[in-house]
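Visitor: Produce the entire structure from the sequences given, and follow the hints as far as they go.
Heads up: the protein sequence lines correspond to chains A, B, C, D and E, in order.
Under our numbering, the first residue of the first sequence carries the number 1, and numbering increases by one thereafter.
Under our numbering, the first residue of the second sequence carries the number 1001, and numbering increases by one thereafter.
Under our numbering, the first residue of the third sequence carries the number 2001, and numbering increases by one thereafter.
Under our numbering, the first residue of the fourth sequence carries the number 3001, and numbering increases by one thereafter.
Under our numbering, the first residue of the fifth sequence carries the number 4001, and numbering increases by one thereafter.
FYI, nobody ran anything at the bench for these hints, they're computed from the structure.
Being a predicted model, the structure only gives us computed values, none of them experimental.
Yeah, the Cβ is synthetic: ideal placement off N, Cα and C, and Gly gets one too.
No false leads were slipped in.
25 Å max Cα-Cα, derived BS3-like pairs, lysine-lysine: (1) D:K3488 x D:K3574; (2) D:K3639 x A:K102; (3) B:K1363 x C:K2112.
Estimated spans, in silico, between C-beta atoms of each pair: (4) B:V1404 x D:F3615: 29 to 39 Å; (5) D:V3328 x C:F2377: 41 to 51 Å; (6) D:M3253 x C:C2485: 38 to 48 Å; (7) D:A3011 x C:F2377: 19 to 29 Å; (8) B:I1005 x A:A90: 41 to 51 Å.
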Amino acid sequence: MEITAVYYLIPALIMFCCGVYGFITRKNMIAMLVSLELMLNAVDINFVVFNRFLFPEQMEGMFFALFAIAIAAAETALAIAIIINIFRAAKNIDVRSLNEMKF
Amino acid sequence: MKQEIALLVVFLLVFLYDTFLGKGAQKGLPAFTAILMFVITLLGLCPHCCGVGGEQTAFAGMYATSPVIAAIKNILNVGVVIVLIQSIKWTNSENMSMRRGEFYELLLVTLFGMYLMISSRHFLLFFIGLESASLPLAAMVALDKNRYESHEAAVKYILTAVFSSAIFMMGLSFVYGLTGSFYFQNIYFAVSSNMSILLVLAIAFVIAGIGFKLSLVPFHLWTADVYQGAPTSVTSYLSVISKGATAFAFLVVMTQVFGAVYSRVWEWMLYALIILTITVGNLFAIRQRNMKRFLAFSSISQAGYIMLGVIAFNAMGLAALMYYVLVYIFSNLAAFGVIGAIENATGKVSMDDYRGLSKTNPKLSFCMMLAMFSLAGIPPFAGFFSKFFIFTGAINQGSVAIYVLVLIALINTIISLYYYLLVVKAMYISEDEPVVATFKSAASERLGLWITVAGIICLGIASCVYTYLLDTTAVSAMQAYFIG
Amino acid sequence: MFSNILIYFVIIPLLMLGGVGLSRNIRQIRAVAVIGSVALMALSTVLLLQYLDLRHAGETAPMLFTDSWTWFAPLNINLAVGVDGISIAMLILSSIIVFAGSFASWKVPQPKGFFLWLLLLSTGVFGFFISVDLFTMFMFYEVALIPMYLLIGVWGSGRKNYAAMKLTLMLMGGSAFLMLGLIGIYYHSAPEGGQLTWNILEIAARDSIPHGWQSFLFPMTFVGFGVLGAMFPFHTWSPDGHACAPTAVSMLHAGVLMKLGGYGCFRVAIYLMPYAAQELSYIFLILTGISVVYGAFCACVKTDLKYINAYSSVSHCGLVLFAILMLNSTAMTGAIMQMLSHGLMTALFFALIGMIYGRTHTREITQMGGMMQILPFLSVCYVIAGMASLGLPGLSGFVAEMTIFVGSFKAGMADYLSGEGSLRLVFTIIACCSIVITAVYILRVVGKLLFGPVYDKHHLELTDATWWERTSTITLILCVAAIGCFPNFFNNLINTTFTPEIFAVLGK
Amino acid sequence: MAITIPILILAIPLFMFFFLGLFGMKMSHKLAGTLGTLGMGSVLVLSYFTAFQYFFSGLDIFVNEAGDRLQYLVFDQTWLQFTEKLVIKLGFLLDPISAMMLVVITTISFMVHLYSMGYMRDHHGVFEHGFQRFYAFLSLFSFSMLGLVVAPNIFQMYIFWELVGASSYLLIGFYYKKPSAVSASKKAFIVTRFADLGFLIGILTLSWYTGTFNFTELTSVPVEGLAGVTQVNIGTAESIRNIFATSAAPTFMGASVLTWALVLIFMGGMGKSAMMPLHIWLPDAMEGPTPVSALIHAATMVVAGVYLVARLFPLYLMEDSAMIIITVVGALTAFYAAMVACVQVDIKRVLAFSTISQIAFMMVSLGVARPEYHEGLGYMASMFHLFTHAMFKALLFLGAGALIHAIGSNDYTAMHGLRKSMPITHITFLIGCLAIAGIIPFSGFFSKDEILSSCGQYDILVYLWMSLVAGLTAFYMFRLYYLIFWWKEHVTPEGHHAPHDQPWTMTLPLVILAAISCVAGFIPFGNLVTWNGEPYDFMAHFDWSVASISLLVAICGIALATVMYRKENELPAKMRRALPALWTWCYHRFYWDELYQFITHKIIFGLISKPLAWFDRHIIDGTMDSFATLTNKASEAIKPLQSGQIQMYVFYYLIGALLLGGITILCLI
Amino acid sequence: MDSLGSIIMYFIVALSMIIFSVMAVTTRKILRAATYLLFTLFAAAVVYFMLDYEFLGAVQIAVYAGGIVVLFVFAILLTSHPGDNAPRLTSHSRTIGVIGAIAMLLVTGYALITRAAFFLPKPEMEAPDMQTVGATLLGSGHAQYLLPFEAVSVLLLACIIGGVVVARKR
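Guide: See below:
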C-alpha cells in the first residue's frame, strides 16, 4: 500500500469540514474560534502535503504553512481580545446575542 | 518600494509621537498624521515617483511596481488623506482620547497591507497583505467602546474574515497543489495546462476569499452589520479605501494569475457574481433607514459595478476600475463626511433624521445631494463619468453576453437612483419639521467636504485624470495578459 | 474655443447659474433670468441669421459652425458641436420657452433654488442641441433630466413625491437603454478598423454599423429617446409628472425636454442606423401610431387640466415620432415643425393652466366654469392655444400636422403600391383621425372651463393676468402665430437639413 | 387686372378682425359697429367692382374670342412647400363661380353687418355685451369665406374651410354663457371636423396621384400667351383619370381610387353643407345670433360643399359613381329635411331644415348635371339656385330675426298674427316665402325650375322625387308664414312693448334683399356661370311644361298650407293623429341626434375613451408601477438573508462559493 | 511502497486527527473542545514530522499547542464558569451545519480524488536542514521570504496594538 497525497488530503479535508460544521453550529464564540483553528490547520496540512508529495524541490508550501501559523496566531489573539470585549459588554459570549444589527 | 517605505516612516513617526509626546500634544496627532499623509501623497504624485514604462520587480519577482500600481496607491493615499481629515473631529473627541494613536497606527498598517496586496506578485505576500489589511480593521471596528454595535460588528467581522481567509487559503493550497508555485507568473503559465475541476474550485475559493473583502454577493453578508456598527470614520475607510485596494488587487490576481483561463472559467463566475451583487445590494438598500447601513448596501452594489472593470479584461477596464475607485472614494467620502458631521453633532444616523435638512443645514444637504447624485451617476458629476467609462470598458470586451450584463447593470442603476433619491427627498422635499437643528460643523469636517465636493465636480469634467490612467494602463505590463 | 458661437449657448446658462447663485434677492434673480433669456433669444436669432447667410453663400456641409475640442482623447470623446436647421429650430424654441418660463415663474417661492435647477435644466437642453458627439449629447441629456426631480418634488403640487420619482426613474430607465445603445454604436463605428468615434457626422458619413448590430442598437436608442418622447407604452410618467410639476417646469418639460426625445430619435437612432430604421420601423410605427390616438382618447375623459394636456402631449409627441419613422423628408420636416409647434403651444397651455390654477387652486374642469367672464385675457389665450392644438390654420399646429400627413401619406402610398404592406398607410389614416379627437377634447375643455355660467361664485373675485403673465403668454402666442402664418420660412430652414444625401443614407 | 383690389378684398376683413378684436373693447359699441360695417361696405364695393370687371369688361384674360369665360389667377404666393411638386400656395382665382360668390358673400355679409347694428341691441337701444367681438368675428368669417371661394388650390380651400369652421364655432357660441350655445358650437365644429377628416384624406389621395393641389391643373388647360389664364377643359380631367387608372393600384375595395378620393372630398362638403347624415349640427347652430344664421348657416358657409363640388366638377364628371352618390345623398337629404321642416315649432329650426333641403337641391342638381344634357344645365342651375337661395334665405332669416327681436322668442306659438303690427317684415317675409316656394316671377322659381328640368333630363324618378320636395317646400314655408303672420294675435302683456317694425338698420337689408329676390330670376345667369365657361342661353331651352308642372306643385303646396294653417283649426291635429308615427319621427328629426348622442357618448366616450383611460391608469401605468412594487416585494423577500447571525452568513458564504465552483464545473463537464 | 510501520503510523495519526476534530466540534464542554483541538494540533504536527518537515512540526507544537491553545484556555476560563454545558443543538442549526460540511466535503473531495497527480507516490526528499530554512526565510532571492517575513512582522505588531487597544478597559 502506498500512502499518497490523497491519504493526507482527505483527513485534512474532513478536519476542515468539521471546522465548518463547528463554526456553523456552535453557539459559544470561543468554540467557533476553535473550529476556525481546525480549518486553518487543515489548510496548513494541505500546503505541506502538496509540497512534500508533488513539489519537494522547494519549500514554498511549508513556508506558507509557517506564515499561516503565525497569522493564525495573530488573528486568534485579536479575536479572543474582541470576544472578551463582548463578554465585558454582554456578559456572555453566545453568538446569538450578536443580533443588534440585521436586515 | 518607495511608497511602502514612506508609509512605514509615517507609521513610525506616528508611533513615536503617540508614545513619547506628552498629553498636551496628543491633540495634535490627527492633524500631524493627516499632514504627513498629505506630504507622502504629494511625494507619490511627483512624476519621479510614479515611474515610467512597464513593471519593475524586486525580491526576485515577489514584489512589483509600475506606474499603474503607483497610480492606484496614489489614489488610495488621496482617499486616506480625506479620511484622516474627516476623522479629526472624532479622534479628538473625549471618548477617543485613549485610543487616538492606535487608530492611526492601525489605519496605516492596513494601508500598508493594501500596498502589499497591490504590489505582490507572490501569493504568500498577497495573503499577508490581505490579512494585514483586514485583521487590524477588526480592532478599528471595535474602537467605539461605548456602543455595543461596535463590538458586535468587530466580532462579526473578525470571525467571518477568518473563515473567509480559511476558504481563501484552501483555494490557494489547491492552486499550489496544481501548479507548484506561489509566484503569479509561474501559476499563470501553469494553469492552462492544469485545467481541472480542482482548478475551478480553487478559483472559486480565491474569488470567494477576495470577494469577501470586496463584499460581493453572496460573500457580502458581514458588510452591512459591520458598516453600521463601526465608527463612521472607520466605516468610510472600510468602504472606500479597503474596497478600492481590494478591487485592484482582485483584478491583478484574476488577470496575472488566472488570466489564461479567463473565458473558460471565471468570466462566467463573475457574470453571476456581478449580477447578484448589483441586484441584491440594490434590493437591500431600498429598505434601509440607517444611513450607514444604507451606504453599506449601496457600496455592495457599487462593488458590482467596479467588477465590470475586471470582467472587461482589458486596459480600458483596468483604467475604468481605477477611475471608478477614485471617483467612488470622493463620492462616498462626501456622503460619509456629512453623515459623520451630523453624527458628531447630534448623534443621529437615521434617514428619517435627515428630513428637512436642507432648511437647517443647506450646505451639508447640498454636499450630501452631490454625493448621492455622483453615486447614482448623474452628470455632470464625476460618478457619471466613472459609470460611463466602466460600461464602455466592459463593452469593449465585445461579446454579446457583456451587452446583456451591462444592460442588467444599467437597469439596476435605476433602482439605485431610486434609493439615492430617497435621501435627496428626505432632505429637500420632505415637508416635515426638520429634525436636526442648525449647527456649525468643525473646520476639519468642512475642509474634508470641500475637498470631496471639489473632486465630485472636477474629476469628471477634468479629463486629464482618466486620460492619464488610460494612457498609463494602455502601456502597462498588464496589457500583455489581456492580449495573451 | 470661444470663437464659436454655439458654445455660448452653454456658457450663457452657466453664467446665469452663477448669477442666480450670487443673487441676494428676488429682484436680482429675476433680472438675471430675464437678461439671460433675452441674451439667449438674441443669440439664437444671430445664429439663425448667420446660418442662413452661410447657406445662401452656398455652404453645403450637413452641419455648420462645426467645431471639436478634445476632451477624453483616448476614447476619442470630444466636445463636438455643430448645427443644422433642425438644431437651430430647437435652439430657438428652447430660448423662447426659457424666456417665457422665466416670466411664468415670476412669483415662485424659494426662487433661488428654483432658478438654479431650471437653469441647469436649460444648460442641459442647449448643450444637447448643439452637440454632435454622442457622449456629450448623452451627458447633456441626463443633465437636463435630473433637475426635474427636485423641481417637481420641491415646487410641485399634488402627489408630487410619487410623480417626481416616477418621472425620474422612467426617464432614467430610458436613458439606461440609451447608454447601452450609444456605447454599442461607438464600438461599431469603425468595423473595418480605424479610429472609433462618437461623432455623429463621422459615423453617418461612414454608414458603417453592421446591419445585425443595427437591429439591436436601433431599438435601444429609439426606446431610450422614445421614453422621453412619451412613446406608448412608456408615456405614463408624463401625465403624473406634468400634473404635479410647477408651471415653468411643465412648460420647459413639455415644451423642450420632450423634444429631446424626438430630436434624439432622429439624430441618433434613425440617422445613424438607417438600415434598422427601415427594417424595424414597423414596430415603432405601431407603437407611435397607437400613442397618437390613444393619448387623444384618454384626454377626452380626463377632468384635470394638466392631465388632459399631458395626454394631449402624448398624442402630439407620438405624432412626432410617428412622422420621423416615415423616413421621408416631408414627414420628417413635419415632425420637426410639430416639435416646434407642440413645444410652443403646450408651453402656452401649461403656462395658462398654471396661471388659472394659481388663482382658482383647482385644475378640475368640473369645478370651474365661465372663466371667460372672469379672466378674459387668460381665457382668450387658452382658446388660441386650443385652436393651435386642434390645428387651426394660421397657427402652428396646422402646418405641422399637414406636413406630417402629406409626408406620411406619401410614404404610406409608396409602401402600399410597391407591395410592402399597407401598415404605413393605415396608420397614417389612423393618425389623421386624431385631428377629430383632438377637437373633441379641446372643445370639451374650452366649453366646460371657459364658457357657460360661472361655476363657483368665489371665482368672480379673481383678477386677470398680470403684466409678467401677459408677457409670457403673448410671446408664446406670437411665436405660434408666426409659425402658422409663415411656415415656409421654417420649412425651408428645416428642409435644408434633409438633403438628398441623408436619404441616400436612409436608402430611399 | 390690378393685384391691389383682390388683396384688399381679403385684407380689409382680416384687418378689421384684428383691429376690432384687439382694440374693439377700447372703443364705443357704435364706433366698432360702424367701422365693421364700413369695412364690409368697402369690400362690397371692391367685390362688385371685381365681379363687374370679370363679367362685363370683356378683357382677354376673362373671356376669349368665343365668349368663353376663363379662369384668371390674380396672384399665387407660395405658403408652404411640402415637396418639389406639392406646394401650398395662397392665391386668388377669378372665375365665374368665384366672382359670383364674391358678390353673394359680400352682399349678404354687408347686409348682416348693417342689420346687426340694430339687432344686437335690446329695445332700449343698449348694445349687447361683446358687440365689438361680434363684429370682429363677422369680419373674420368674411375673410375666411372670401379666401375659401377665391382659392386656386384645394389646400387653400381646406385652410379657409377650417377657418370658416372656426369662425362659425365662435359665432355660434357667441352667447357663451348659454350652455346650449356652447354645446351647439362644439357640435358644429366637431361634426364638420369629422367631415374634414374625409376631406383631408381625399385631398391627400388626390394630390398624391396627381402631384398637385391646383384646381387649374386638375380641371383646366392654360390659355396660350396669357400668364395665369386657364380654361376649364374636360380633357385635363380625363388625363387625371388616366393617371389614376394606370397607377399600380387603380381600385380599392371595388371602387376606383379616384372615386374614393372624390367621395372623400365630397364628405368634407357633406359636413359643411349639412348633408345627411352629417347635417345634425346645422339645426343646433341656430343657437347663434340670428344674423349669424343668415350669413353663415343660410347663405354662405353652408354652400361651401356645393361650391367645392362645383370647383372639382370636371373631375366628378369622370366618375359616374361619385356623381350618383352625390345625387342620392342630395335627394334623400332634401326630402328628409323638408319632412322635418313641416313639423318644427322653432321658426329658425324650420328655416334651418329648409336650408338643408335647398342645399340638397343644389347638390342634386350638380349630381345630375352632365355635359350631354343641355350642356351641363344642372351645374348652372345649382349655381343659380345657390345665388338666389342665398338672397331669399338670408332675407327669411333676417326677417325671422326681426320677429324674434320683436317677440323675444323663437317659437311660432309666441307669434301669430303679426302681419299688422310688423308690415314691412310681413311683406318681405312673404316675398321670401314665395321665392323659396318657386312662384313666378320670384327668383326661386327660375333656379328651382332649372334644377327640376335638369333632373328631368337625367332621370324621371329624380325629377318626381324632387318635385315632391319642391311641393313640400312650398307647404312648410307657407305653414310657417301663416303661423307667424296670421291666426289670432297674442295679447301683449302689460309693461311689454307691442311688436313693431324694427329700426331702419334692420328693415333696410330686408327691403334690399326682398328686392333682389324679386328680380334676381331675370339675371341671364347662363351667360355668366356655366361649368366650362361657355355661355348658355337657358331661355332658349326653357321648358314650359316642366315650369308649369313645378309651378303647379308649388301652388298645391301653398294651397294645402292655406287650408291647414290659414286659420286655427283642427286639421293639423287630425293629421297628426292620423299619422302619429310619421309625425313623431319628423318631430324628432328621425332621431338622428339621439343616434349621434348614442355613438358619441355611449360608444366613443363610454366604450373607447373611458376604458382606454382606465386601461392607461391601471394596466399600463399599473405595469410600470408594478415594477416598483415587485422590486419592493423582492427586497422584502430576500430580507431573511441578512439575518444578523454570522453562522448563517458563513453558511451562505460557503454555499455560494461551492455553487460558484460547482456550477462552473458542471458547465465545463 | 511504504513500510508497514509508517502505514500504521499514518492510520493512527489520520484517525486521531479525524476523531479529535469531530469531537472538538461536537463536545458540549468548551474546555474539552480546546483539549481535543490540542490533540488535533498534535496530530498535525506528527504529520509534519512524518513528511520530513521537522521545523514546521516544531513550530506547530510551539506556537499552536503552546501558544494558541493556552490562549484559548485562558479565554475560556475568563468567559465561562466551570461545568457549563453548551446547550443542545437545535435540529435546524445542526442541519445547516451538516449541509455545509457535507457539501464542502463532497465537492472538494470529488475535486481532489479526480486529480491523478495526487495518487503519485511520495518522492524522495532530504529533510531540509536548519541552514536552508534560515536562508530561505531571510533571503531575498527566488522563493525566499525576507519580504513576507518583514511584512508579517508589521502585521503582528498591528495585531498586538489592536489586541491591546481592544482589550484595554477604557
